[in-house]
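Chains as they are written, first to last, in the numbering used here: chain S, 64 to 341; chain B, 27 to 246.
Simulated from the structure, these hints should not be mistaken for laboratory data. Incorrect hints may appear among the rest.
To be verified - Here are some chain B residues pointing at chain S (derived, C-beta under 10 Å): (1) P95; (2) I98; (3) D107; (4) A110; (5) R203; (6) P214; (7) C217; (8) Y219; (9) Y223; (10) V227; (11) E232; (12) R235; (13) V238; (14) L243; (15) C244.
As the list claims (entries may be wrong) - Pairwise CB distance ranges (calculated): (16) P256(S) x D107(B): 25 to 33 Å; (17) P68(B) x T77(S): 23 to 31 Å; (18) P141(S) x D185(B): 27 to 35 Å; (19) P97(S) x R203(B): 40 to 48 Å; (20) P82(B) x H336(S): 42 to 50 Å; (21) T156(B) x G139(S): 50 to 58 Å.
Backbone N, C-alpha and C define an ideal beta-carbon position, used for all residues, glycine too.
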Amino acid sequence: MLLLNASGCLDALTAPGTAQQLDAFVTKTVTPEPREGNPPVRIAETDFGMLNAIGLANPGRERFIRETLPELRLLGRPIWVSVGGFSTQDYAETCEQLEDVTIELNLSCPNVDEAPESAAEIVAACRAATGLPLYAKLSPATWDIGESARAVEAAGADGLSLVNTLRGLALDRNLHPTLARSTGGYSGPALRPVALAAVHACRRATQLPIVGMGGVQSGRDALELIACGANHVALGTVLFADPEAPTRVRAELAQELARAGFSSPENALSVAHERVVN
Amino acid sequence: MPRRESLRVAGVEPIGPYSLLRLNRGSVDPGTPGQFFMLEAPGRVLPRALSLCQAPRGELTFLIDPVGPGTIALSQLEAGDQIAVFGPLGNGFRLDVPRPLLVGGGIGIAPLPYLAEALEHPPAILGFRTEFHAEGAVLIPNAEVVIDPVLVTDVLPADRDVLACGPEPMLEAIRARVPDAQLAWEAPMACGYGACYGCVVEIDGELKRLCVEGPVLCSS
Numbered sequence: 064m065l066l067l068n069a070s071g072c073l074d075a076l077t078a079p080g081t082a083q084q085l086d087a088f089v090t091k092t093v094t095p096e097p098r099e100g101n102p103p104v105r106i107a108e109t110d111f112g113m114l115n116a117i118g119l120a121n122p123g124r125e126r127f128i129r130e131t132l133p134e135l136r137l138l139g140r141p142i143w144v145s146v147g148g149f150s151t152q153d154y155a156e157t158c159e160q161l162e163d164v165t166i167e168l169n170l171s172c173p174n175v176d177e178a179p180e181s182a183a184e185i186v187a188a189c190r191a192a193t194g195l196p197l198y199a200k201l202s203p204a205t206w207d208i209g210e211s212a213r214a215v216e217a218a219g220a221d222g223l224s225l226v227n228t229l230r231g232l233a234l235d236r237n238l239h240p241t242l243a244r245s246t247g248g249y250s251g252p253a254l255r256p257v258a259l260a261a262v263h264a265c266r267r268a269t270q271l272p273i274v275g276m277g278g279v280q281s282g283r284d285a286l287e288l289i290a291c292g293a294n295h296v297a298l299g300t301v302l303f304a305d306p307e308a309p310t311r312v313r314a315e316l317a318q319e320l321a322r323a324g325f326s327s328p329e330n331a332l333s334v335a336h337e338r339v340v341n
Numbered sequence: 027m028p029r030r031e032s033l034r035v036a037g038v039e040p041i042g043p044y045s046l047l048r049l050n051r052g053s054v055d056p057g058t059p060g061q062f063f064m065l066e067a068p069g070r071v072l073p074r075a076l077s078l079c080q081a082p083r084g085e086l087t088f089l090i091d092p093v094g095p096g097t098i099a100l101s102q103l104e105a106g107d108q109i110a111v112f113g114p115l116g117n118g119f120r121l122d123v124p125r126p127l128l129v130g131g132g133i134g135i136a137p138l139p140y141l142a143e144a145l146e147h148p149p150a151i152l153g154f155r156t157e158f159h160a161e162g163a164v165l166i167p168n169a170e171v172v173i174d175p176v177l178v179t180d181v182l183p184a185d186r187d188v189l190a191c192g193p194e195p196m197l198e199a200i201r202a203r204v205p206d207a208q209l210a211w212e213a214p215m216a217c218g219y220g221a222c223y224g225c226v227v228e229i230d231g232e233l234k235r236l237c238v239e240g241p242v243l244c245s246s
C-alpha cells in the first residue's frame, strides 16, 4: 500500500518535509498552457468540509517539465504527474512528453470547463501516446461509476484514482456565493461516504489497482477505504489542517490493522466485500 | 518548516468585543512580528490563521474577533483545553526602519502589540468602528485613537515609516498616501503553508500566495 497526497493538496517544493512523509508525491494538475487559476475568493469552509475553486493554477507543461519536475525529483520520492486539459489532444500531448513518472489523468475537475470527450476516449488517446503507468481520476458525480471504471479499463487505464471532489456552493452572510466562481469542489469529511461507495462499486467492476481518497482524516478512515477495495490511499483536505498528517495516519493505520487482526493492509484489502458467515 | 504542537490554553480574556486567547508557549517559537500561526478551531475542518499579538514570558497570545464559527469556537476555549498550533508562518514586518509609525484598524491591531514591543514602543494610530471596539486600544498604550467617521488616514503624519494592519480599504488608502508602507494583508486561508493556493492576491501583476509571499507586503 502506498500513501499519497491528493493532487492539488500539497506543494512539495514549498513543504518538502510533508512530501517526504509520503510514498509518492502527486503534483498539481499540469495543463498545456500556463494558468493563473480563478480569481479570489477561492476557498470556503463549510460545516463538514470545504469548497475550493483554485482553477488548475499551474506553470504550464513546458515550464513544468523544464523547471518544476527536475526540482521535484530531488525529493527522492516517486512522482505522479496529474495531467489535465481541454481536449483529448491536450492530454495525449502532455503524456507523450513525460518520462519516468506515473500519470494521473484528471478527468473530472469541477472547477474548469471539461473536455467534451468522454473519459474513455481521453484514456485511449493517452494510452496510445505513452507506455507510462496511467491512472484515471474519476468523478463520483455519475450514475454508475462502476461502468465508468470498466470503460476506462477497456481504454487502457492501469489504475483508478477515486474520487475527485463534488461540485458544491456556499453562500456568505449576504446570501451571495462565497467563491468568486460561485461553485467549487467539495472535499473533506463529508466526502468520505461518497468515496467509500465509489471504491466499493469500482472494486466490484474491475480488478485494476485503486487509489482511494476523499475525506480521510485518520488511520481508521484509510482502513475503511482499503476494506472497500483501495490498494492505495491518498490524503487531501487533512493536509491543510495538519502538515504531519501522513506520519500520523500511517501510524494510526498500523494500530487499526493490528486491532482488527490484519498483518498488513493487503490482508484487509476488499474485506468489506466478503460475505459474513455465521 | 515550523512545527505543529499541541498547546494548553492559559485563559481567554474579553477586551471590548474581542477575545484575547492566551496559550502556554510550549516549545513554539514566537517568530517575528507580523508572522502568523494556524490555530486548530475546535469542531471545524480547517484551522484559523491568526497573527501573534503578544509573546509574554512562557505564553503566546492571539486577539480574536468572534465573527464566524471558527473564531467563535476559539473564543469559547477554556483554561486547560488543548489546541494544535502550527507556526510561525509567512513573512513579518521589517524592523530596520528609522521612523516607525504603527497603524491599525479594528481587529487589524492584532499584530501591533508584539510589533510595538520589538520597535520599543513607537507612536501608533488606531482606528475603530465604535467606542466598544476601541477598548482594544488598551493593548497598545499611548496610541492615538480615532473612531468612525474619523479615519486613520485623516490623522496620518508625513515622513514616517508606516507599518499597518487593518481592513483592505484602510490599507489601500494608506498605500495611496504612503507608497512604501509595510502592509499586513488578510485572505481566506486553508493551510497557511503554501499547499492550497487558496489565499492568492495580486502582487506585481501576478497572483501569488499571501501565506508564502506575505502576509506583510511592501509595494515599493
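Hints, verified against the model:
1. P95: holds (8 Å)
2. I98: violated (13 Å)
3. D107: Check failed: Cβ of D107(B) comes no nearer than 17 Å to chain S, outside 10 Å.
4. A110: It holds, given that the least Cβ distance between A110(B) and chain S is near 7 Å, below 10 Å.
5. R203: Violated. Min distance 25 Å.
6. P214: P214(B) check passes; min Cβ-Cβ to chain S is 5 Å, inside 10 Å.
7. C217: This interface hint holds because 4 Å falls under the 10 Å limit.
8. Y219: Constraint on Y219(B) satisfied, holds at 5 Å.
9. Y223: Check passed: Cβ of Y223(B) comes within 5 Å of chain S, closer than 10 Å.
10. V227: With Cβ-Cβ at 7 Å, under 10 Å, it holds.
11. E232: holds (8 Å)
12. R235: holds (8 Å)
13. V238: holds (6 Å)
14. L243: violated (15 Å)
15. C244: violated (20 Å)
16. P256(S) x D107(B): 25 to 33 Å: This hint holds: roughly 30 Å between Cβ atoms.
17. P68(B) x T77(S): 23 to 31 Å: Given about 27 Å between the Cβ atoms, the range holds.
18. P141(S) x D185(B): 27 to 35 Å: Roughly 57 Å apart at Cβ, these two residues miss the hinted range, so it is violated.
19. P97(S) x R203(B): 40 to 48 Å: Taking Cβ atoms as reference, P97(S) and R203(B) lie about 35 Å apart, which means the hint is violated.
20. P82(B) x H336(S): 42 to 50 Å: violated (57 Å)
21. T156(B) x G139(S): 50 to 58 Å: Roughly 56 Å apart at Cβ, these two residues keep to the hinted range, so it holds.
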